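Enquirer: So the sequence lines, in the order shown, correspond to chains Y and E.
Residue 434 in the numbering used here is what sits at position 434 of the first sequence, and the numbering runs on without skipping anything.
Residue 609 in the numbering used here is what sits at position 112 of the second sequence, and the numbering runs on without skipping anything.
Hints are computed from structural coordinates only; laboratory data are not their basis.
Computed from a prediction, not measured in an experiment: that's the story for all the values here.
Please note that a few of the clues may not be correct.
Some but not every residue of chain Y turned toward chain E, in silico, with C-beta under 8 Å [what the hints assert, rightly or not]:
#: 1; residue: L188
#: 2; residue: I400
#: 3; residue: G432
#: 4; residue: L487
Even glycine gets a Cβ: it sits at the ideal position worked out from N, Cα and C.
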Amino acid sequence: MILDPVHWTTLAVMGPLLAGLLAMEGRPRAIRLGLVLGMGASVSATAGLWTTVVREGPLRHPLGGWGMPLGIELYADGLSVLMLAMTALVGSAVSLYATAYFGDISQRRVRDSPAGRGARFFAPLWLLLWGSLNGIYLSGDIFNLYVLLEIMGLSAAAMVTLAVTSKATVAGMRYLVISLVGSMFFLLGVALLYTVGGTLSLERLAQLELSGPLPAVALALMTVGMAAKTALFPIHGWLPPAHAAAPAPASAILSALVVKGSFYIMLRLWVHVFGGGAREGLLVLGILGATAVIWGSIMALRQLSLKRLIAYSTVAQLGYLFVMFPLLFPAGGGWSPDAWSGGLYHALSHAVAKAAMFLAAGSMTYAVARDDIRAISGIAHRLPMTFLAFGLGGLSLAGIPPSGGFVAKWLLLRSAVEQGGWGWAVLITVGGLLTLAYVLMVLRYAVDQTEEPPEFRDVPRRMEWAAMGLAIAALLLGIRATETLSLLEAGGIVPWR
Amino acid sequence: MTPVLDWEILPLLVVLSSFVPGVWIMFLQEEQKGLRTTLNMVGAVAKVLLVGLMLQGVGAGAAYEWRLQVLPGLELSLIGDALALLFVTLSAVLWLVTTVYAIGYLEDSPNRTRFFSFFSLCVTATTGLAMAGDLFTFVIFYEALTWATYPLVVHRGTPEAIQAGRLYLIYTLTAGAALVLGAVWFQVEAGTVAFAPGGVLDMAAVEGAPVRYFSLFLVLLAGVSVKAAFFPVHGWLPIAMVAPAPVSALLHAVAVVKAGAFGVTRLLHSLFGIEVAWEMGAAGMVAGLAAFTIIYGSIRALAQDDLKRLLAFSTVSQLSYIALGVAFLTPMAQAGGLVHLVHQGIMKITLFFCAGVLAQTLEVKKVSQMAGVARRLPLTMLAFSVAALGMIGIPPVAGFLSKWYLGVGALDAGAPWVIPVLLASSLLNAAYFLPVIRTAYFDEPDPDRWTDRGHSRRFEADWRLVVPTVITALLALLSGLFGGIPWSPLGWAELIVDRRIL
Chain Y
1 MILDPVHWTT LAVMGPLLAG LLAMEGRPRA IRLGLVLGMG ASVSATAGLW TTVVREGPLR
61 HPLGGWGMPL GIELYADGLS VLMLAMTALV GSAVSLYATA YFGDISQRRV RDSPAGRGAR
121 FFAPLWLLLW GSLNGIYLSG DIFNLYVLLE IMGLSAAAMV TLAVTSKATV AGMRYLVISL
181 VGSMFFLLGV ALLYTVGGTL SLERLAQLEL SGPLPAVALA LMTVGMAAKT ALFPIHGWLP
241 PAHAAAPAPA SAILSALVVK GSFYIMLRLW VHVFGGGARE GLLVLGILGA TAVIWGSIMA
301 LRQLSLKRLI AYSTVAQLGY LFVMFPLLFP AGGGWSPDAW SGGLYHALSH AVAKAAMFLA
361 AGSMTYAVAR DDIRAISGIA HRLPMTFLAF GLGGLSLAGI PPSGGFVAKW LLLRSAVEQG
421 GWGWAVLITV GGLLTLAYVL MVLRYAVDQT EEPPEFRDVP RRMEWAAMGL AIAALLLGIR
481 ATETLSLLEA GGIVPWR
Chain E
498 MTPVLDWEIL PLLVVLSSFV PGVWIMFLQE EQKGLRTTLN MVGAVAKVLL VGLMLQGVGA
558 GAAYEWRLQV LPGLELSLIG DALALLFVTL SAVLWLVTTV YAIGYLEDSP NRTRFFSFFS
618 LCVTATTGLA MAGDLFTFVI FYEALTWATY PLVVHRGTPE AIQAGRLYLI YTLTAGAALV
678 LGAVWFQVEA GTVAFAPGGV LDMAAVEGAP VRYFSLFLVL LAGVSVKAAF FPVHGWLPIA
738 MVAPAPVSAL LHAVAVVKAG AFGVTRLLHS LFGIEVAWEM GAAGMVAGLA AFTIIYGSIR
798 ALAQDDLKRL LAFSTVSQLS YIALGVAFLT PMAQAGGLVH LVHQGIMKIT LFFCAGVLAQ
858 TLEVKKVSQM AGVARRLPLT MLAFSVAALG MIGIPPVAGF LSKWYLGVGA LDAGAPWVIP
918 VLLASSLLNA AYFLPVIRTA YFDEPDPDRW TDRGHSRRFE ADWRLVVPTV ITALLALLSG
978 LFGGIPWSPL GWAELIVDRR IL
């Protein structure tokens with residue numbers, strides 16, 4: 001039956017991919033139609049899956065009727081839907097922004113300019129990426145994950161090079177290499193797991209309750225691969241140049257969404273397939289995350305390029321996602337629901353807030369045609385709404401209430417205090433203050449009235465509103481979290497063990 | 498007597514009555530003066546009316562409570578009980594008066610849209626934290642208050658103002674981080690963040706782990722004491738005086754500093770419970786810290802020539818009366834502390850208003866320029882004298898009642914050491930306020946040191962500056978004269994203590 005809710009999963013993956021094919025055609029109308037269709041497919045599929053999963057628990061869809069172990073199975077639970085929703089929300093705002101950012105490409109002059117070339121390829125690449133992200137969140141088996149990871153990595157690296165500068169090309173190439181190496185590590189892990197378990201299905205691997213050296217090596221390999229793609233300290237060096245060099249809408253996608261794709265895989269493996277793995281491994285991840293929080297923030301404070309500053313902030317904020325790992329499984333055994341909801345709420349809030357900041361920063365650099373903090377001096381008076389969007393996004397990032405970041409911080413802190421993990425609690429608190437330091441540094445330049453920027457280009461209203469919409473969403477996430485958190489618990493948190 | 502209106506949503510409406518104008522004004526153009534003024538005044542009057550309705554309701558025994566779940570186990574909750582209303586009424590009335598004052602004070606200066614927008618948001622945050630029904634809600638509004646005040650502190654945009662703003666943020670944001678950590682910790686220890694009369698902690702649990710609970714208290718105290726300007730974290734307050742006079746008046750006599758003092762009250766009474774707090778030594782520590790700050794602030798005030806800095810150090814000192822009073826177990830001391838929240842607010846705002854009139858009309862900012870100003874600004878200096886005498890504690894002005902209740906209450910509580918503190922403080926108050934009054938009235942005027950901007954037709958200065966000043970001075974006098982009736986601030990404070998709402 002076509003109305004069966006399982007088809008939402010197909011729509012979520014195939015919708016953006018097909019829309020991407022349409023956008024490939026290249027004419028402005030096709031690009032716009034492609035974006036609208038991709039957006040519509042993602043949003044409606046997410047809404048459909050959300051209601052279904054809340055009502056009926058996790059959902060399985062054997063594609064073409066071929067179930068496990070032979071066929072490909074799509075799987076959706078609360079975690080998948082949360083990630084889909086995050087992608088749909090941020091993705092829609094960015095799509096809207098992109099239609100204005102690249103200029104009116106129906107004019108030949110614009111189309112042939114470097115920016116116009118960016119515009120032509122942005123939409124197809126982004127829709128391809130969107131489809132692969134949705135696919136990752138809905139994959140039921142590890143080989144599928146590998147294939148989708150490769151698509152994600154290739155399209156993401158290509159998006160960096162859309163800004164036709166030599167910097168962007170170098171950064172994009174570096175990103176591509178890291179991404180491919182990361183996938184190779186993952187593929188090695190897949191092969192090992194298949195050898196040991198005889199299955200590729202995440203669910204069955206979980207039920208086997210694998211232990212012993214081979215699965216441990218497999219997990220280690222996959223973790224290294226995914227950590228590289230998620231830019232976990234100390235493999236983060238590729239991220240700032242890549243995210244800073246990309247065109248603003250691409251930066252927002254990369255920082256807000258793409259890194260979450262590989263993070264999601266890591267979480268699935270550690271929590272769902274390996275049930276926490278080894279305590280030592282969790283601690284290593286946590287300590288690397290903590291280092292990332294401090295190091296990323298300090299590096300952010302030292303940047304003069306606005307976009308690099310935000311990119312280093314991503315390195316720092318991703319650190320919290322790894323601090324979540326040791327918190328999830330307290331030393332005395334058991335499970336911390338606060339760490340689970342807090343960590344994932346942080347992932348969601350960070351995506352929304354960071355995208356708002358990158359889009360706002362994009363509008364500012366668009367206006368002054370330079371990516372330099374000193375060049376945006378006084379911009380708060382020229383682009384007040386963009387300034388507000390950047391500020392609200394930054395405050396959410398720092399966990400200032402009311403904001404999604406605050407709710408996440410509260411939950412993570414509570415998890416840490418409950419376990420007596422005072423080191424983690426202090427880290428989370430200090431990390432928030434460091435975040436404030438670099439956000440305020442930008443705001444201070446933006447309100448400075450001592451010198452006028454020499455040249456100033458008008459920014460399309462749509463760009464300003466897209467950033468503002470995300471900033472308001474970050475705020476609202478802090479007023480009402482109940483539905484999102486109960487979604488996460490729909491059908492049990494660790495469904496397969 | 499029955500409540501006229503018992504809508505549960507009333508506390509939310511009180512918060513929204515300044516939030517909506519604040520956000521609306523943000524989107525106005527600088528030249529839309531009429532609409533801006535209308536929004537300001539409508540919001541301010543509406544807030545006073547709504548608060549009046551709630552006062553009547555609570556007096557008649559109603560309780561107002563509005564809740565919204567944020568996540569399971571944590572909610573935004575606004576309650577309108579007698580204690581909340583004490584602070585809310587003060588904020589609402591003084592906001593109305595200060596709005597009129599600010600409109601006059603900032604006539605024709607730049608960035609008024611931004612100013613009035615954040616001014617309204619400040620009051621929103623203040624009323625929100627006053628009515629917060631739990632620590633979670635309190636934290637939200639407490640942090641929001643920091644962000645709403647910052648643009649006002651740096652309003653002038655001078656390097657000095659930016660520097661002051663920076664310092665303000667460093668102090669308040671660090672404190673905010675401590676408060677969040679403490680709040681989460683409290684939830685883990687107590688299983689709840691709700692405010693309850695008599696506290697929510699179990700005496701046996703506290704006695705079982707005294708060090709842990711004392712550390713918890715210290716973290717939370719660090720969070721609220723910065724805004725309460727306790728020694729040694731008072732340093733931001735005198736420096737933040739670079740803000741325009743209406744900001745200093747409302748925010749540094751009422752909103753921000755009172756948020757801190759109110760937080761100390763909530764911490765002692767609604768979270769730990771005053772009996773538990775005494776038992777673990779926390780309340781005694783607060784009393785000692787407050788007593789020290791009272792003397793310290795007064796001594797520092799002695800050496801100031803800049804009028805606003807003098808008033809700021811006086812605030813540092815006077816604020817601690819509140820903490821001192823509520824830290825004791827006896828009803829009289831508690832009532833004295835609570836009522837000083839209102840009394841100090843009315844008197845200090847009068848003094849700041851006067852400083853603003855002096856600065857705006859004559860460009861007089863220092864005590865040494867004030868020789869003979871009473872002849873030029875008789876009404877203003879009369880208001881100043883009333884408020885200053887009240888601060889010293891001379892009857893019948895309001896400050897006397899606070900000090901009397903504090904003193905008697907402390908004696909009841911077996912803490913006679915408070916009496917010399919109060920006496921010393923009064924003497925010091927006299928030592929820095931009386932010379933100001935003397936020079937204003939009895940020294941030969943020296944108009945060369947003034948830059949007179951002229952009279953208005955009927956008043957000695959712009960009526961929008963003089964009328965609010967006279968009104969608040971009258972309020973200070975009336976609160977003192979009629980302290981015995983139920984609806985006076987003192988009557989209300991006694992009601993809070995009697996009903997055991999604290």
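Enquirer: Give a verdict on every hint.
Expert: The hints, checked one at a time:
no., hint, result
1, L188, "violated, 40 Å"
2, I400, "holds, 6 Å"
3, G432, "holds, 6 Å"
4, L487, "violated, 12 Å"
Checked against the numbered hints given earlier, the structure breaks hints 1 and 4 and satisfies all the rest.
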